[in-house]
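Each protein sequence line maps, in turn, to chains A and Z.
Position in the first sequence (first residue = 1) + 67 = the numbering used here.
Position in the second sequence (first residue = 1) + 199 = the numbering used here.
Incorrect hints may appear among the rest.
Below are the DSSO-like pairs computed for lysine-lysine, each with C-alpha atoms no more than 27 Å apart in a straight line [stated by the list, open to error]:
#1 A:Lys102 x Z:Lys236
#2 A:Lys73 x Z:Lys402
#3 Z:Lys424 x A:Lys73
#4 A:Lys123 x Z:Lys402
#5 Z:Lys402 x Z:Lys424
#6 Z:Lys440 x Z:Lys424
FYI, nobody ran anything at the bench for these hints, they're computed from the structure.
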Amino acid sequence: MGLEIKLTVNGNTHTAELEPSTALVDFLRDTLGYKGVKLCCNTGECGACTIIMDGKPVNSCVVLGADAAGADLVTVEGIADGDELHPVQQAFIDTGAVQCGYCTPGFIVSLKALLDRTKSPTAEDVEEAISGNICRCTGYTKIFDAVDLAAKRMS
Amino acid sequence: MDYFEPKTVSEALSLLDQHGDQAEVIAGGTDVMVDIKYSDEPGCLVNIKRIPDLNAIRESNGGVHIGPLATIHELEESDLVRERLPLLWQAAHQFASLQIRNTATIGGNICRASPSGETLAPLLVLEAQAEVTFSDGARTEPFGAFFQGPGQTSLGSRGLLTGISVPFPAAGSHAVYLKHAVRGPMDIAMVGVAVMATANGDKTALDDVRIGLGAVAPTPVRAPKTEALVSGKALDAALVKEAGASAASESSPITDQRSSGEYRGWIVDALTRRGLEQCWQALTGKEVA
Ligand SMILES: Cc1cc2nc3c(=O)[nH]c(=O)nc-3n(C[C@H](O)[C@H](O)[C@H](O)COP(=O)(O)OP(=O)(O)OC[C@H]3O[C@@H](n4cnc5c(N)ncnc54)[C@H](O)[C@@H]3O)c2cc1C
Ligand code: FES
Ligand code: FES
Numbered sequence: 068m069g070l071e072i073k074l075t076v077n078g079n080t081h082t083a084e085l086e087p088s089t090a091l092v093d094f095l096r097d098t099l100g101y102k103g104v105k106l107c108c109n110t111g112e113c114g115a116c117t118i119i120m121d122g123k124p125v126n127s128c129v130v131l132g133a134d135a136a137g138a139d140l141v142t143v144e145g146i147a148d149g150d151e152l153h154p155v156q157q158a159f160i161d162t163g164a165v166q167c168g169y170c171t172p173g174f175i176v177s178l179k180a181l182l183d184r185t186k187s188p189t190a191e192d193v194e195e196a197i198s199g200n201i202c203r204c205t206g207y208t209k210i211f212d213a214v215d216l217a218a219k220r221m222s
Numbered sequence: 200m201d202y203f204e205p206k207t208v209s210e211a212l213s214l215l216d217q218h219g220d221q222a223e224v225i226a227g228g229t230d231v232m233v234d235i236k237y238s239d240e241p242g243c244l245v246n247i248k249r250i251p252d253l254n255a256i257r258e259s260n261g262g263v264h265i266g267p268l269a270t271i272h273e274l275e276e277s278d279l280v281r282e283r284l285p286l287l288w289q290a291a292h293q294f295a296s297l298q299i300r301n302t303a304t305i306g307g308n309i310c311r312a313s314p315s316g317e318t319l320a321p322l323l324v325l326e327a328q329a330e331v332t333f334s335d336g337a338r339t340e341p342f343g344a345f346f347q348g349p350g351q352t353s354l355g356s357r358g359l360l361t362g363i364s365v366p367f368p369a370a371g372s373h374a375v376y377l378k379h380a381v382r383g384p385m386d387i388a389m390v391g392v393a394v395m396a397t398a399n400g401d402k403t404a405l406d407d408v409r410i411g412l413g414a415v416a417p418t419p420v421r422a423p424k425t426e427a428l429v430s431g432k433a434l435d436a437a438l439v440k441e442a443g444a445s446a447a448s449e450s451s452p453i454t455d456q457r458s459s460g461e462y463r464g465w466i467v468d469a470l471t472r473r474g475l476e477q478c479w480q481a482l483t484g485k486e487v488a
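The following block holds chain A by itself, in its conformation from the complex:
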C-alpha cells in the first residue's frame, strides 16, 4: 500500500509516495535524493541522520516517513545561503572540524539548530546539543572550536 505525502524540504515542496513502514531517512535519501542526510547506525544512536523537523533536531532514522506529511524539514543541503556557506559550515572548514566527514552533516544540522535557539551558547549548551552525535575521528575539540567561531561570526 503506497501512501502519498506532501512535505517541504529546504523550502521546496515535494509530493511523493512511500511505503508506510519506511523510515524518514530512507525516504529523504532514496526517494527525494537528499543524500546529505547520512545513514549510519540506523537505530537513533549516532546522529548522522539528524535533520530539523518543524524547528527541532531529530534522528530521521527513527522517525516514520509518514510523519513528515505536512512537515517543514531542513537538511544539511538547505542551510547555505546560495554560494555562501552557513557560518557553522564555514567554521567547520576553518577550524579543521572535518576528518572523514561522515558525521559532519549531522553535527552541522544539530549545531545550526542550537544557534537558531541561542546566540551565544555555553559549553554546556553545546555538549547538550551534540550529545546525540558521535564522531569517531576528531575527538570533538575542533567541533567545539567551530561552534565558538561560528557563534562569534554570527553575533
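Dock chain Z with the ligands against chain A, hints included.
Here is chain Z with the ligands on its own, set in the frame of chain A:
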C-alpha cells in the same frame, strides 16, 4: 503492512479491536521504528500522532495532567513540570539525546513497559495514575497495577493510554532521580533510582519516604520495606547503610549485556544511599551524621 492514521481515540480503539494482535500502535516511533527494522514488521500500524489534544501538559485537580503524546523534551521544557514535578523533570532531562527527546513520547516510554524506562520509577514514586481506554470505556489505575511485566501492561493489545495524572507532591518535599549508565544520559539505564521525601515539622526526621527502582526487576518497583525503615527517622550513617542494603535486597536484578545482576545490586545500594543523603541534606540543611 496496513497503515492507519486515526483522528480520534475511538477510531483508534476500533482499529485495535478489528486487527487484534496484528496491530501495533506507534507514537514517536523511537522504539517501534527500531523493531520494524530489526524484528518483525507488524501486520498493521496504527499511528496515533494525528489525534488532536493528546499532548497537553496542564494543571488539573491538584496535579498535572499529561497527554501521552507529550514528548520527553516537551516535559523538560514545561515550567509546570520543572517547578511542580522536579522528579519527572530530572528523569526527562537525563533521557537520551536531544534528538531522541524531541521524538520520544512519555506514553511510548510507559507503554513500552521496559523496566529501565526512565519515567517509570518516578511515576511510581509520584503515585501517578494511568488513564486507560478501551472501546467499552475508560478507567484510571495506579501505575503499580498498570505494569505487569517486561513489555506487559494492563492495556493488552486493545487498550490505549490516553492520559497520565500526577498529583502534586507534598509542599516542601524533595526528590532526586539518579541514573547509572555507561554513556551517561545517552545510554539505557543500568539502574535508575527515584527517591522522594519530606521532613517532619522541626526537621529532625524524614517523613513519607518513597523509593522507586528501575531496571532491577521485571517491572519498575517501589521498595516498601526500605521506605518503612527510614520514614519517621533521623538519617544517620548507620541508617543510610542499612537502607542501601535493604533496597538492594528488595530488587531482583537480572544479568544482561549491560551489567551483571550482582553489579546492579551494588548500584541500587549506592544510589539509594546517595538519594537519601541528598534528600536529607536538602530538607534539613544538615549533612548525614
Ligand atoms: C538511541 C535511543 C536512546 C534511548 N534512550 C532512552 C533512555 O535514555 N531512557 C529511556 O527510558 N528510553 C530510551 N529509549 C527508548 C525510547 O526512546 C523510549 O522508550 C520512548 O519513550 C518511546 O516513546 P515513543 O513515542 O518513541 O514510542 P513508540 O516507539 O512509538 O512506542 C513504544 C511502545 O508503546 C506503544 N504505545 C505508544 N503510545 C501508546 C499509547 N498512547 N497507548 C498504547 N500504546 C502505546 C507502542 O505500541 C510501542 O509498543 C531510547 C531509544 C533510542 C532509539
Ligand atoms: S543513523 Fe540515525 S542516529 Fe545513527
Ligand atoms: S569526522 Fe569522521 S566520524 Fe566525525
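Against the structure, the hints:
Of the pairs offered as hints, the one joining Lys102 of chain A and Lys236 of chain Z holds, with about 20 Å between alpha carbons and a cut-off of 27 Å not exceeded. Distance restraint check for Lys73 of chain A and Lys402 of chain Z: the Cα-Cα separation of roughly 61 Å exceeds the 27 Å cut-off, and the hinted pair is therefore not satisfied. Proximity of Lys424 of chain Z to Lys73 of chain A is assessed by CA-CA distance (about 56 Å); at most 27 Å being required, the pair is judged violated. Taking the CA atoms of Lys123 of chain A and Lys402 of chain Z, the gap is about 44 Å. The hint is violated against a cut of 27 Å.
For the proposed pair Lys402 of chain Z and Lys424 of chain Z, the alpha carbon gap of about 23 Å is at most 27 Å, so the pair holds. At roughly 14 Å between alpha-carbon atoms, Lys440 of chain Z and Lys424 of chain Z fall within 27 Å of each other, so this suggested pair holds.
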